[in-house]
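Novice: The lines below spell out each chain.
There are 2 protein chains.
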Amino acid sequence: MSNPQASQNRYRADLREMKFLLFEQFRLGEILGHAPFEAWGVDEASMVLDETYKFACEVLGPLNTVGDRSGCRLEGGRVYTPEGFKDAWNKLAEAGWRNVSVNPEWGGQGAPHALYALVEELLSGANTAFNMYPGLAHGAAEVIQLFGSQRQKSLYLPPLYGGQWGGTMCLTEPHAGSDVGSSRTTAKKLDDGRYLIRGTKIFISGGDHDMADNIVHLVLARVEGAPPGTKGLSLFVVPRLRVKDDGTIEGSNDVAVGSIEHKMGINGSATCVLNFGENDGCIGELLGEVENVGMAQMFKMMNGARIAVGVQGVAVASSAFLNALDYARDRKQGPSIDHWKDPTAPRVPIVEHADVRRMLLEMKAKVEGIRALIVKLALHQDMVHVHQGSDDQKAQYHQGQVDLLVPLVKAYGSDQAFRVCEMAIQTYGGAGYIKDYPVEQYCRDAKIFSIYEGTNHIQAMDLVGRKLAQRGGQNLQEFLGDVAAFVQKHQGHPTVGPYLAELGGAQEALAGTAMRMLTWFQTGRMPMVPLAANRFLEMMSAVAVGWLLLEGAVLAAEKAAALPNDESAAKDRAFYEGKRHAAAYYARHVLPEVRFHAEVLGREDRSALDIPTDAFATL
Amino acid sequence: MSNPQASQNRYRADLREMKFLLFEQFRLGEILGHAPFEAWGVDEASMVLDETYKFACEVLGPLNTVGDRSGCRLEGGRVYTPEGFKDAWNKLAEAGWRNVSVNPEWGGQGAPHALYALVEELLSGANTAFNMYPGLAHGAAEVIQLFGSQRQKSLYLPPLYGGQWGGTMCLTEPHAGSDVGSSRTTAKKLDDGRYLIRGTKIFISGGDHDMADNIVHLVLARVEGAPPGTKGLSLFVVPRLRVKDDGTIEGSNDVAVGSIEHKMGINGSATCVLNFGENDGCIGELLGEVENVGMAQMFKMMNGARIAVGVQGVAVASSAFLNALDYARDRKQGPSIDHWKDPTAPRVPIVEHADVRRMLLEMKAKVEGIRALIVKLALHQDMVHVHQGSDDQKAQYHQGQVDLLVPLVKAYGSDQAFRVCEMAIQTYGGAGYIKDYPVEQYCRDAKIFSIYEGTNHIQAMDLVGRKLAQRGGQNLQEFLGDVAAFVQKHQGHPTVGPYLAELGGAQEALAGTAMRMLTWFQTGRMPMVPLAANRFLEMMSAVAVGWLLLEGAVLAAEKAAALPNDESAAKDRAFYEGKRHAAAYYARHVLPEVRFHAEVLGREDRSALDIPTDAFATL
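Protein sequence lines, in the order shown, are assigned to chains A and B.
Heads up, the first sequence is in my numbering, so the first residue is 1 and it goes up one at a time.
Heads up, the second sequence is in my numbering, so the first residue is 1 and it goes up one at a time.
Hints in this document: simulated from the structure, not taken from any laboratory.
Note that the Cβ used here is the ideal one computed from N, Cα and C, for glycine as well.
Check before you lean on any hint, since a few could be wrong.
[Claimed, not checked] Examples of chain A residues toward chain B, derived with CB under 8 Å:
| hint | residue |
| --- | --- |
| 1 | 261 |
| 2 | 262 |
| 3 | 333 |
| 4 | 430 |
| 5 | 571 |
| 6 | 599 |
| 7 | 617 |
[Claimed, not checked] Straight-line C-alpha distance at most 20 Å; calculated DMTMM-like pairs for lysine to aspartate or glutamate:
| hint | chain 1 | residue 1 | chain 2 | residue 2 |
| --- | --- | --- | --- | --- |
| 8 | A | 571 | B | 610 |
| 9 | A | 341 | B | 179 |
| 10 | A | 19 | A | 43 |
| 11 | B | 341 | A | 179 |
| 12 | B | 332 | A | 179 |
| 13 | B | 559 | A | 614 |
| 14 | B | 19 | A | 614 |
| 15 | A | 332 | B | 179 |
| 16 | A | 559 | B | 614 |
| 17 | A | 231 | B | 342 |
| 18 | A | 489 | A | 478 |
| 19 | B | 332 | A | 614 |
| 20 | A | 332 | B | 173 |
| 21 | A | 19 | B | 614 |
| 22 | B | 435 | A | 173 |
| 23 | B | 332 | A | 173 |
| 24 | B | 571 | A | 614 |
| 25 | A | 332 | B | 614 |
| 26 | A | 571 | B | 614 |
| 27 | A | 435 | B | 173 |
| 28 | A | 91 | A | 213 |
| 29 | B | 571 | A | 610 |
| 30 | B | 231 | A | 342 |
Generate coordinates for the entire structure from the input sequences, incorporating the hints supplied.
Specialist: Shown next, in the form of structure tokens:
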């Protein structure tokens, strides 16, 4: 490589902050050591973070720039990944970090999702493009584990979880993106119960690569005679190479790579056009036993994938923030504001300048708040497992919160990741725009997060069109109730109390807007809903993030008060002060936006609907 | 090129909208035909736009992707621009569009700046990276024209304006970016009155290239013994090749290209490290007669350069918007919302979906509003020329508005350009992320606009720290007065009236915040000022843009009412309706933010100042 930085690790994570979330704020220790997490304790979980971070920095981080610069190439019908990727793939499989939360029955370690979410962040942050390959294999395995027959599980799970095989999700077609129900890929049942697959899928991440012996495609297709739309779609297991019942490989399955895309970012991840059955030789098996339930199965997979996108967002944003912080501490420029007109005053690191501090604190608040939301969501997933079978009501509450928070994590996590990367570039100044520093790549990589796995508008419609109405609206009521109870409990708090009025006001504005949207549904003003959906999602995300940041700040104040008043506690004291200031900043600068958004939506402006299509421009 | 799109023109502009601004809203016709624009009429100005657009699409547009993909290369100490650039450079010089507003004394056509701003937009939008080379030559010429000796003008202006030579601005050094006063480049006076220049400049756009016979560098340097800081800087004319008094070239002037940067975007523009006088052979001439006035001279140049960056912003954003609109009209996906649950309903172009319309209208409002602000600013420049010498008070008013609006145009124009590009990508969905479509390049190109020619925080500090106080605050008072008078006059307007309350509220919130900031200065709370500056700039920009959009809407309503009520007027009717809806959208969705910002600043939150530097993260 001509660029000397190309094989350096630039990834940065703040493990102290991650451990604060897991073990202090969300008290993971309380569920460790008991079923279903009996094998885990705080020390084990903590060690996993330390070791994963070490692995991420040593193995994946140095390949992030390499992957960006060299990209993938298509040669002789096969995709070749950047130099070093295959070695990293093997090392990751050997290390096993990806499988910490997989059921021990399938070779995993049965850890909580809350831990896995942070492991995923460390892997994604160090090398977003690389981590998509094992991440998609993992996702495909999860779907097969959930819906596959015993035979399918025995055949596919060990090599997928074990890192011998890759996996993909094949949904999108040239004319079916957000409108997945328009898929034209067909499946024709053969006499032996298997299916002949024919069709073209596009934008398939990891659609082919040279790191694994085989790739298992999960393909949405329509069985001949099935109904139109999403209700007629089935999910098929379509390996790149056919597999015998004993797991050995039989030969080609007529899956061809048409081309790979040239993209703005995530260049190390091969985005493929896949042609299935060009020569009438592509055989797939129905996932499970029943046709026409492919969308429901895919949605299960999408949930995990959507959380993973939110995790990608915070992972990249966090490293962008921490790199910008490093740079700001190091780079000297200008005098302090107390001597701003004195040209002979000593130059200070830019971290001392007010506007740089403002950007750093905004990045910190957003990164840490969104991370808290992700861990909260993952913990709800864990609590479903804890309570399943023993306390159905609690399990339902937690599952309801999972459903409600997934679109927030995906959409807010990705939108804000792009904003944080933009701000990180701005913190660097001109240096941020050049490839010697990592933030321009982070910004390019992050742009896809708002688009794939369902655009952020799809997320917003999922939230307002489906999730708000689930369980008769109870999920939302419980969420609002949790926030209100927190406000109620702590409003007299000496340091955090003053900010709780902001959270209370935001929570009420959110509740009011939810009611307003309900009346739109009820009074036939449906088109107002998609017009308002993105803003509503942002409002709800801000309430959720603000709540969790303030919760962290209350705890940090307690912890700080209990510290010994000497130098030995200086680092901890600084850490807890950081939590308080981040929460204060978010409460004072971001939470007020919720009321503003409510006011704007209250105007029920229809301009975007009413403008004639010809009036957008004269072309 | 492997990419078939690489030599296609993708540039789009809406000339109808440009002409509306010039000739309808800002009534340029009223000053054409009179001194100093006696040679110009509406038809001539209109023709310049038509022909420049044609040139931009035919010559520059097809090279935009080429330049991005191949970039520049440094070979044997010289920079080579992408294939086709040299030919385009020659054609542009021949066509002369760049010189429409240059004084006829120097070979130009003496047109108003308001026309030139749109010519600049057309050239920049078609190929941002390319247009920086002639743009910087133009900027260097303007400074020499303003401050140079007669000999300097005669020697340098003809080849700079004529397109034989290039030009640069050399400010930034490795340790002097925003803090330009820390420059270490030195100038030692020689016996013949010329100076020996020594030092290294970085981030020099067009620092070298193969399109011109010579390059004239304007270099900030400190004469031996001059005071520290900005007050000891002088500006020098330093040609790459020495020039004899008869204009012929004498040979090397010891200016060497150290390296070129690899960047996120504007890859066709060479960003150079320049070493002056490595071999003690670099000779410069003082610009004008006086030492230590380099900053003031540079600021004059910066004014033009900063406006040009705002123009770059709107240029790229506008084409991103229009390309997204094209795509949205063409791309079919999903049924209309009236049949959203019917899988057999016909698929509609995505321009019919509410969220896509919301994004398109937001892009339209921002693009057209910022363009209006730029034309308004340019017209103030023209009015200074009209009134100079005859009505000093009017000239001062217009110059005051120029000074006030420059930072708005630069910072708001660039920040919003990036947002519009982001939204254009989102409108495309997955297609927006791949290089087959132009918007991902626009987004990468646009990111630099918020950084160069003074970061946007430098702009904000220029606004609140200098411009608000100019003429004892009169510039701001006159601006606020102009807005208030507009609100007053039209608040009863049948269609636009309802939106004027938003503008009035925003104007009052802006005025209140300006007062608040004044008290910070007066009561020793200086550090609050930089903390609030960016937000204040955004508030003021929103007021300015909202005002001009609503002014356009009032006019559009009048014009629409006067149209014949038949098919012949369909296009005009659609156009005027578009203006109304864009203004309505901005008034209802963006203007309320001004009050919100005022509320946030009213909290006087100091978190970003108070957080200990060690508390940002534990690293």
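Novice: Hint by hint, say whether it matches the structure.
Specialist: Hint-by-hint comparison with the structure:
1. 261: 5 Å, holds
2. 262: 4 Å, holds
3. 333: 5 Å, holds
4. 430: Cβ of residue 430 of chain A sits 5 Å from chain B, so the hint holds.
5. 571: 7 Å, holds
6. 599: Because about 6 Å separates residue 599 of chain A from the closest Cβ in chain B, which is inside the 8 Å limit, the hint holds.
7. 617: Check passed: Cβ of residue 617 of chain A comes within 5 Å of chain B, closer than 8 Å.
8. A:571 - B:610: 17 Å, holds
9. A:341 - B:179: Roughly 11 Å between the alpha carbons, so the hint for residue 341 of chain A and residue 179 of chain B holds.
10. A:19 - A:43: Between residue 19 of chain A and residue 43 of chain A the Cα gap is close to 11 Å, so the pair holds against 20 Å.
11. B:341 - A:179: The hint holds at about 11 Å.
12. B:332 - A:179: 10 Å, holds
13. B:559 - A:614: Holds: residue 559 of chain B and residue 614 of chain A sit about 18 Å apart, inside 20 Å.
14. B:19 - A:614: 18 Å, holds
15. A:332 - B:179: 10 Å, holds
16. A:559 - B:614: This hinted pair holds, its Cα atoms lying about 18 Å apart.
17. A:231 - B:342: Satisfied, since the Cα-Cα distance of roughly 11 Å is no more than 20 Å.
18. A:489 - A:478: Distance ~16 Å between residue 489 of chain A and residue 478 of chain A Cα, so the pair holds.
19. B:332 - A:614: Status holds; Cα separation ~17 Å.
20. A:332 - B:173: 13 Å, holds
21. A:19 - B:614: 18 Å, holds
22. B:435 - A:173: Distance ~18 Å between residue 435 of chain B and residue 173 of chain A Cα, so the pair holds.
23. B:332 - A:173: 13 Å, holds
24. B:571 - A:614: Judged against 20 Å, a Cα distance of about 8 Å means the pair holds.
25. A:332 - B:614: Measuring from Cα to Cα gives roughly 17 Å; hence the hint holds.
26. A:571 - B:614: Distance ~8 Å between residue 571 of chain A and residue 614 of chain B Cα, so the pair holds.
27. A:435 - B:173: 18 Å, holds
28. A:91 - A:213: Within the cut-off at roughly 15 Å; holds.
29. B:571 - A:610: Distance of about 17 Å is within 20 Å: holds.
30. B:231 - A:342: Satisfied, since the Cα-Cα distance of roughly 11 Å is no more than 20 Å.
Violated hints are absent here; each numbered hint is respected by the structure.
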